[in-house]
Amino acid sequence: MDEVILRFLWIYTWFVLIATIGLGLYGIAVKPNMLKKIISLTILGDTANVFMIYVGYRAVYPIKPPVLWTMNPSKEVLENFASQITDPVPPALVITAIVINMAITILITFLAIQAYRLYGTLDSRKISKLRG
Amino acid sequence: MFRYLTIGLFAFTIYILFSGSITLYDILTGLIVSAIASVILAKTLVKEDSKVIDIRRLFWLIAYILHYMTIIELRAHLDVAKRIINPRMPINPGIVRVPYKTKTDYATVLVSNSITNTPGTVVVDLDEDKKILYVHWINVKAIEPDKTYEYISKTFEKYAKKIFD
Amino acid sequence: MEVILAIAFYIGLALVVIGAISDLIGALGMLRFPNFYVRLHAATIGAIGGAVYPLIGVALMSPSLTSLGTYRWYLMGASLVTALFIAMAAPTGSHALARAAHRAKVVEVYPKVVDHLEEDGK
Amino acid sequence: MIPILHLSLISIVLTLGMVFAYLAISERDLLKAIVYSAGQAAMYVIAFYLLMAPDIVLAYAAVGVGVYSAVMIIAVKKTERYEKP
Amino acid sequence: MSKKNLVITSITLTSIVLGLIISLGVLGPIPLTSIRPLGLFYALFMANRNITIEVFPLIVNPGNFWAASTEAITAILWDYRGLDTLFETSVFFFAIIGSIALFRFTEKEEHEIRKKTHENHASEGKYLGLSLITKTITKIILFTIIVVSAAIALHGQLTPGGGFQGGSAFAVAPLLAIAALSRFYLDDIGFKKNTMLLLRTMGLLIIALLAIIPVVAGIGSWQAYIMQNQPKEWAIIQLFPPKGLGVLLGSLVYYNIAELLAVGAGFTIIFILLSIPEEFYKKIIEKEGVEHG
Amino acid sequence: MVDPVHHLIGLTPPITVALAFALPLLSLIVKSRRFAEVYGVSATAIAAILTAIAFYYVYLVKSPVVYTFGAWPPPVGIVYEVDKFNGLLGLVVGVVFLLVAVYSIEYLKHRSGIEWYYTLLIGMEAGMLGVLYTGDVFNLFVMLEVTSVTAYGLVAFYRSRKESIEAALKYAIVGSVATTIYFIALAIIYGSYATLNMAQIAFKTMSKVDYFFYLIGGDRLWITYTPMIAVGGAAALALALWAFSVKAAIFPNHFWLPDAHPAAPSPISAILSGLLVKVGVYAIARFLYTLFHAAQPEVLVDSALKYVVEATLYALIVLGALSALIAGILMVAQSDIKRLIAYSTIMHIGYIAMGLGLATKLGLEAAIYHTINHAVAKALLFLAAGAFIHVVGTRNIDELSGVGRLMPITTLTFIIAAFSLVGLPPFNGFVSKYLLYMAFIEKGWAPLTAIIVISSSFALIAYVKIIYGVWLKAPVKELKGIKDPSPIITIPLLILAFACVFLGIASPYILDKVITPSVVDLAYNPLNYVSEALKILTQALGG
Amino acid sequence: MTLEEIARSVIMIIMPIFIVAFVLYAIRAIRGPTIPDIVLAIDALSFDVAAFMIILAIYFSSPFLIPGAIVLAVWAYALDIFVAKYYEKKEIGE
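Protein chains in written order, with our numbering: chain V, 1 to 132; chain F, 1001 to 1165; chain U, 2001 to 2122; chain Z, 3001 to 3085; chain S, 4001 to 4293; chain X, 5001 to 5543; chain Y, 6001 to 6094.
There's no promise every hint is true.
[Said to hold, decoys possible] Estimated spans, in silico, between C-beta atoms of each pair:
#, chain 1, residue 1, chain 2, residue 2, range
1, S, T4106, X, T5394, 26 to 36 angstroms
2, S, T4106, X, M5228, 54 to 64 angstroms
3, S, K4115, X, K5031, 19 to 29 angstroms
4, F, I1085, U, A2006, 25 to 35 angstroms
[Stated by the list, open to error] Calculated from the model, a selection of chain U residues having no Cβ within reach of chain S, i.e. all distances over 12 angstroms:
#, residue
5, V2003
6, A2008
7, L2015
8, R2032
9, P2034
10, V2081
11, K2105
12, D2115
For the record, the hints were derived by calculation from the structure and aren't laboratory data.
Glycine residues also receive a C-beta, built at the ideal position from the N, C-alpha and C atoms.
Okay, chain V solo, but in the shape it has when bound:
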């Protein structure tokens, strides 16, 4: 029984993540407003990050973050540590991705503000009409 519930929850979470990614793509593709596109972009990027972290998760107990609590670990401490921690690689990659997404989002927002100054609108349909 436990096994079945665990499996259901695991697959359900994957589906929720993929559906949110789909939502983000939908927002970027369909919504005409530039700021709305940017919001969708942040949602897409954030969900991709959760996706990456979820890859590194393991269903054991007790589970701990990969931080050692002593400076001179003995063999026992290390073996104990190895059986409890999550994978440290996905968090490291995700931090990089968060910074990158944030930097690009900020740059795009600046571009959108500048576009509003020039065009007087943020609607991408109107912008492509006015380009001339």
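Could you slot chains F, U, Z, S, X and Y onto chain V? The hints should help.
Same frame as chain V, but now just chains F, U, Z, S, X and Y:
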């Protein structure tokens, strides 16, 4: 000069509290960080040097925190919790004037934040010239300034004057 | 010394339990109350009763948690700083929101017995 | 038992995040959309916490709840608030 | 409308297919209980010098894989995969430079705007901002958050945190100062755009120098590599002491400090640029549009 | 004792980016326009010298070179793995950037914000070299973002022009969606292969036991092959190639390019068209041929993966053919000179994709040679068109009538570039198009050669229209004082024109000595690529 | 039973209460109706999550999970201030 030292000490305390350990590394970096923070910000935080050396104010502050956190808060929490759980209990909210008599910014802020932190009363606005706080009160018992002062802010102001004025 | 720590521990535990209950009450109030201004009071219960009290409780509990080693002081310090911080920030945030909502007139003050702020023309 | 509790918590939080994301995308008032996306970020912060990534919580709480919303609110202030159909 | 429907259908279908592939095929229908060996390798060897445990039997000298840190993520970020982080900060740097280039103005124009608005708004420590309560509390929070962010960054090699995390926590300080007080408060405490750009580039240059300096120190023997932290048998240069002042040090501390400086200053630049009023830019762009056509 | 040249190869991107960091600081101190210009040129010159050293080393001494950052062996740390393929492309990048940096001095002399321009330019070069040299899939993502973010900033450099802001906005949104998709692909790669190192992934796709993980120890689950891994690899390959096809502007993901490339300043257009799309092509080639062994599908350990790879190859051919045809048709209809050249880029990327999709030795040679030829010729074309625009001040083809005779050098270089791109002998474009032709016939797909002929003839029509107008038509505008621009502009043009001719005439020698070895390194020598990384790991472990 | 086990079992009991409270806050945030309502709900939610994070750190006996709490709280406060500023002033920088 004292303001820099006091603010620096305060910063150092927070740094050590947040690091949670006292090695040489923590102390050294803490000293550097608190020095930088106090150099940048002390001049906008403290106006009068003479007040910060007064130890009695610190005691009043501790007494106030104990009194406030144990008695006043608990009573107010119970009152509002009753209103939430019991659907028949009436709420008759409104925004009333509450005068205040404190002189410095910090005292005013202490009074008004204490009022907001007490469930049942929230400071919506304040008039610095007329010295009036506009308080949203969940159960308006009185609307005259004297009585609202009595109900809402008298205790806080007593402490605030001793701590900051 | 151990007795004092144990007493502190139990007080802390009680505070944590109180925190959980006030959190639930605050959430219920947020849901039940009819208007933004009234919900502010429920949010206060959530922030002070539901966050500051349990944080102080954790700070009182942490010296007894010996299995955490020296990091129990880290737990204690961080929870104290966070408690202090929330005690300062929560009321200010509520006040700022309420004032902005009243000035921009995005929320009607309803139900109301009296509104002196509107009478004074702000 | 305990992994199940943990996983169900994660799935609740992520589902709420998805609801917030849907609201953020479908809402026409941009300010409201931004606030909803801040809510989604708060949910993801809890998810990161439960997935045992404290570093990400530190970085993402700042970026997702704070910087994105702040920059977007300034952008809305400088441009226009309502999305036209 | 039909185009919209097409997009919706295609995205839904893609999502479902992807979901099926990923949840059933790739990552398995049941959650993992074992850890990937690479992650375990990082986590075990970051902090110990002498012990091998049974999962890694073939490693002869574990001291060779020591990163002088107890926090695996900071160790990966700044030591094992340090190059990623160097270029990640440079992405942020180029985004800021791009923003500055987009919102560029000359010094004369900047002087003009400052003179015109500063007199109206701020005089003798009184800022327009929000209410008195908000202003006072924000000043205290500003001060608290500077200290806390420094603590987060400086303990990056021991507890969760690090340069970027500290810097992004610091970013709330300029933001709150702009929102609750006003942008003249930032001017008054010395957070000006050019100063911040100076700090930003300084931080990045320190990072780049820390990366390159082992190679420069190893000229002649060529036994040191870019971004090297602790000595290895095949790379023997040691510049950064592994322990000192009662904690683990390594090069991670210096990287974290530089990154804190760089990220904090970078966010400040962005918020300063965003807080400049709109009429000012409109004027500049009109003028430029006339000049360049 | 490591060869010092290895350190120089490893230093190339970090030192370039460090030079970019220093420029804003120095320009705050030295407030002079001349300083920023000289600094930009010298920084790109340093990078060009370093890439030339790398090229020389991998061709004459040892290939591939593995440089370990922080002295961490391959799966543990990031490595740069330079073989003949990316060494060659690195040299092209270095040279073109140097010429563009020189050209920009004159071209942008009336613009403000030159220090930001050069900072972004140097940063873009660092990013591009990083994409080329890296041997780590996640580092590839980071470097791709460095190039992208600088490209967005540079496209929007004319900030008061409506079309450039709009193009930059569109480009940025599309580009960041693509990189996010690539990030998801990376999550799947890490989830199934448990590694990020290219050599290790290449090893895992062709072997049942992972020797890397065997060496560092670890769980048996991750050492041995499971069918799950193959499905993960297929999903990751599909997502990653989709993302790269946006970067490379292959149909149907080409729609951002005709807006973005013309909107930038001309030297940046040259880089975007000549080099940046090639970065996408490089990533596609690396993923397909080194990581997933598309040239020798028989070495793949899983048959499902084999089908996916073959399907991808067909898809590349079809999409390449479509982009070549569509871009060719649209080219004729353009009246904006830069927009016309941008459509030509899509066409040539179509040719390269077709060459990559063939997966034969001749096809790959054609694709790689065409990559280089197109980089040189397209950069020349954009720079020459930029020279017209700089002098005359318009981008409309009709208004350029008659200026050709007043600007002989510019017109000559323009004609060389155009003829080279159309594929007329003796220029370089002819050779690579001929190779592609032969590759199709060799594979037995002769009808597809018609696509090359048809689209090339469209291109010929479009270019002849321009050249006729520029050279022979009566001027519509007043042409007083128009003459060739200063040598700062014409010298880069002449160098690139000479390169066009040289790459055409010396093609037998170049093909034999340069292109074929690089194809072998890319696609036919996977064990060499892997074993170099493994050697470092074994040394490091002390075994 | 040591003190720690007592703490963990008590937290185990009260954990569902917190979760229910979160869901209720989230429902208020989803329902709105006005923007100050949503912001207030997210604000209260964040403060409680901050407290819950630190309590759960005891439950998982892992003190490294806590520093996120103060960062989340400070940014939730910043969100308040920003929305307030949006409503009160013409320019953000004033």
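Hints, verified against the model:
Hint check: T4106 (chain S) to T5394 (chain X), Cβ distance near 28 angstroms, so the stated range 26 to 36 angstroms holds. Between T4106 (chain S) and M5228 (chain X) the C-beta distance comes to about 60 angstroms, which sits within the given range of 54 to 64 angstroms. Taken as a hint, the range 19 to 29 angstroms holds for the pair K4115 (chain S) and K5031 (chain X), whose Cβ atoms sit roughly 21 angstroms apart. A C-beta distance of roughly 33 angstroms is found between I1085 (chain F) and A2006 (chain U), which places it inside the suggested range of 25 to 35 angstroms.
Its beta-carbon lying about 31 angstroms from the closest one in chain S, V2003 (chain U) satisfies the requirement of being farther than 12 angstroms from that chain. For A2008 (chain U), the requirement that its beta carbon stay farther than 12 angstroms from each beta carbon of chain S is met, with the minimum near 24 angstroms. Every CB of chain S lies more than 12 angstroms from the CB of L2015 (chain U), the least distance being 23 angstroms, so the non-interface label holds. The claim that R2032 (chain U) lies off the interface holds: its Cβ sits roughly 28 angstroms from the closest Cβ of chain S, which is beyond the 12 angstroms cut-off.
No Cβ of chain S approaches the Cβ of P2034 (chain U) within 12 angstroms, the least distance being about 26 angstroms, so the stated non-interface status holds. Once the 12 angstroms rule is applied to beta carbons, V2081 (chain U) is inconsistent with being away from chain S; the minimum gap is 7 angstroms. Chain S leaves K2105 (chain U) outside its interface by the beta-carbon criterion, the shortest separation being 17 angstroms against a cut-off of 12 angstroms. With a least beta-carbon separation of about 18 angstroms from chain S, D2115 (chain U) lies farther than 12 angstroms from that chain, consistent with its non-interface assignment.
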